[in-house]
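A.B. asks: The chain contents come next:
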Amino acid sequence: MIDLAANFAYILSAGLFIYGLKMLGSPATARKGNMLSSIGMLIAVVAALASDGTTFEFIIGGMIIGAAIGLLAARLVAMTSMPEMVALFNGSGGGASLLVGWATLYLSPDSSIGGFTAFTIALAILIGGLTSTGSLIAYGKLSEKLSSAAFVFSGQRFLNSLLLLAIIVCTYLFCMDPSPNSIYLYGLLGLALLLGVMAVIPIGGADMPVVISLLNSYSGIAACAAGFAINNNILIVAGSLVGASGIILTNIMCKAMNRSLANVLFSGFGAAKSGKAVEGEVNPVSVEDAYYILEAASNVCFVPGYGMAVAQAQHVVKELGQILEANGCEVSYAIHPVAGRMPGHMNVLLAEADVPYEQLVEMDDINPRIENVDVAIVIGANDVVNPSAREDEDSPIYGMPIINVDQARTVFVLKRSMASGFSGVDNPLFFGENTRMLFGDAKESISGVISEFGS
Amino acid sequence: METVFLTFILVLAVFLGFELISKVPATLHTPLMSGANAISGITLAGAFLAAGSTDNDMANWLGAAAVTFATINVVGGYLVTDRMLSMFKSKRSAAK
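These protein sequence lines are chains R and W, in that order.
All residue numbers for the first sequence refer to this note's numbering, where the first residue is 1 and numbers rise by one.
All residue numbers for the second sequence refer to this note's numbering, where the first residue is 1001 and numbers rise by one.
Hints may contain errors.
[Said to hold, decoys possible] Here are the simulated lysine to any residue pairs, SDA-like style, with alpha carbons at most 25 Å apart:
id: 1; chain 1: R; residue 1: Lys443; chain 2: R; residue 2: Val285
id: 2; chain 1: W; residue 1: Lys1089; chain 2: R; residue 2: Arg31
id: 3; chain 1: W; residue 1: Lys1089; chain 2: R; residue 2: Ile65
id: 4; chain 1: R; residue 1: Lys32; chain 2: W; residue 2: Val1014
id: 5; chain 1: R; residue 1: Lys22; chain 2: R; residue 2: Glu352
[Claimed, not checked] Calculated from the model, a selection of chain R residues having no Cβ within reach of chain W, i.e. all distances over 10 Å:
id: 6; residue: Leu49
id: 7; residue: Met85
id: 8; residue: Tyr106
id: 9; residue: Ala150
id: 10; residue: Ile167
id: 11; residue: Tyr172
id: 12; residue: Cys175
id: 13; residue: Ser179
id: 14; residue: Asn231
id: 15; residue: Ile323
id: 16; residue: Glu352
id: 17; residue: Asp374
id: 18; residue: Asp394
id: 19; residue: Tyr398
id: 20; residue: Ser447
Bear in mind the hints are in silico, worked out from the structure with no lab data behind them.
Please read these numbers as outputs of a predicted model, since none were measured by experiment.
From the three backbone atoms N, C-alpha and C, an ideal C-beta is built for every residue, glycine too.
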């Protein structure tokens, strides 16, 4: 009876998840959508408690600890560290699916586990484990605790192939004789965790948006596999929703870089440096001259990149934007789909600085009218505005859609030094005739321009 | 039969997921991702089964750890998403 009620409750919460995700698709309704989805979660949790719980010490203990950690982490994290926080939450979800799969083995008396159930348990452990350590490595790279460069070594592919083979063998042998004491179970646990590490270390920092959304998708698939292992509808529905949405997002990111998923995952991009060396003269500009140009401009477009996050420059950027607007200038913020370290990273930072979302424009909207832009201000972006992607067929980023700032009337590039971008590709933009380099810390440079406006 | 039925649900949910997400604007990719991430903490509902069982210590402890991790995912995921979304302002509401 109570099981039937629980299943009806699950249907209700699945409906709320779906509707919530739908509402997340528009800025005006997104917050309410998230709220609906959390109510769906609450209903599912209460229903599961009512139908499954017989002793509650472990459940309540776990929930109190988990809620406290989650609450503190969500409240205390700075907006600029959002990518690594999302990675950590994601990893913890993957870890939970691994543990659920593992624990399920102890719930059924020996030798009563069917082959299919054993296989789904193995999948939950494998994907959950891969997600948890993969996310931890992604966290390390995003928070710069590990080097964000791609880590490749000779024989890496061979080693990974061996690893995959070993996982397949372990899974097969475990499914033949599923028991909590099976040595292959422990083998699978270890190999799954190792696979997560091996899968993420060869991926460079600039490709992180792809990895984060892929890991997000995995955590959904892991929950789905755990749902099959314990025959629970809501886990399957919610898990596959997340899995599918993560894959779509991954696909959008890959398209924005004009690369296949396989290329992102296996190529160790950013480790190799090639492409034409670019030579020419750069035109530096002083803060004062930048002020005169901006003062006369009637259409200014900011193009932020990861460097804006590093310099924490979003607030001064917005301040400058407001001053320009007060000066009768049209201001927009052009955001490349893969700018930053997670999908939509720049949008979140600019939203934090109170930039209204109407001013944030996507690449495809700004490019057709970039010629009307008087000044394009590039802040800490490099590869996403590199004209080589359009012109130089030998360039490793050739074919990637970019924001064509070089076609604006004037381009300001805010940059610390002449070092090449993450991909290690030289950027001819810096040598363009209409390009002015404003060297120095982005935040200080913009503050300097703002004080010129004040004086 | 049960398996067929569950797979049926899986396939429909996957298609639904594809449909829901393909139209989301880039502005919302981060909150969307972290909101979806919070949903994947649904494993919590599965973790109760192990954590609440009476007769096996190992299952209890693994279950308790699963409950902890999944709760971090759920609570943290929803709160962080809400925090991000509360910052997204339209021109009209920002002027208020």
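A.B. asks: For tyrosine 398 of chain R, is the shortest CB-to-CB distance to chain W above 10 Å, so the non-interface label stands?
C.D. replies: About 23 Å separates tyrosine 398 of chain R from the closest Cβ of chain W, which puts it past 10 Å; holds.
A.B. asks: Checking the smallest CB distance to chain W, is leucine 49 of chain R really beyond 10 Å?
C.D. replies: violated, 6 Å
A.B. asks: Verify the proposed pairing of lysine 443 of chain R with valine 285 of chain R, using a straight-line Cα cut of 25 Å.
C.D. replies: It holds: about 16 Å lies between the C-alpha atoms, which stays within 25 Å.
A.B. asks: Given the proposed pairing of lysine 1089 of chain W with arginine 31 of chain R, does the C-alpha separation stay at or below 25 Å?
C.D. replies: OK: lysine 1089 of chain W and arginine 31 of chain R at ~11 Å, within 25 Å.
A.B. asks: Is the Cβ of glutamate 352 of chain R farther than 10 Å from every Cβ of chain W?
C.D. replies: violated, 5 Å
A.B. asks: Check the non-interface label on aspartate 394 of chain R: least C-beta distance to chain W beyond 10 Å or not.
C.D. replies: About 30 Å separates aspartate 394 of chain R from the closest Cβ of chain W, which puts it past 10 Å; holds.
A.B. asks: Sort out whether isoleucine 65 of chain R lies within 25 Å of lysine 1089 of chain W, counting only the CA atoms.
C.D. replies: Given pair lysine 1089 of chain W, isoleucine 65 of chain R is violated - Cα atoms ~33 Å apart, limit 25 Å.
A.B. asks: If we take the beta carbon of asparagine 231 of chain R, is the closest beta carbon in chain W still more than 10 Å away?
C.D. replies: At roughly 7 Å from the nearest Cβ of chain W, asparagine 231 of chain R sits no farther out than 10 Å, so the non-interface label is violated.
A.B. asks: Beyond 10 Å from every chain W Cβ: check whether that's true for alanine 150 of chain R.
C.D. replies: holds, 22 Å
A.B. asks: Taking only the CA atoms, is the gap from lysine 32 of chain R to valine 1014 of chain W under or equal to 25 Å?
C.D. replies: holds, 23 Å
A.B. asks: Run the C-beta distances from cysteine 175 of chain R to all of chain W and say if the shortest one exceeds 10 Å.
C.D. replies: About 15 Å separates cysteine 175 of chain R from the closest Cβ of chain W, which puts it past 10 Å; holds.
A.B. asks: According to the definition I'm using, a residue is off the interface if its beta carbon is farther than 10 Å from all beta carbons of the partner; does tyrosine 106 of chain R meet that for chain W?
C.D. replies: Non-interface label on tyrosine 106 of chain R violated, nearest chain W Cβ at 4 Å vs cutoff 10 Å.
When the structure is compared with the earlier hints, violations turn up for hints 3, 6, 7, 8, 14 and 16 and for no others.
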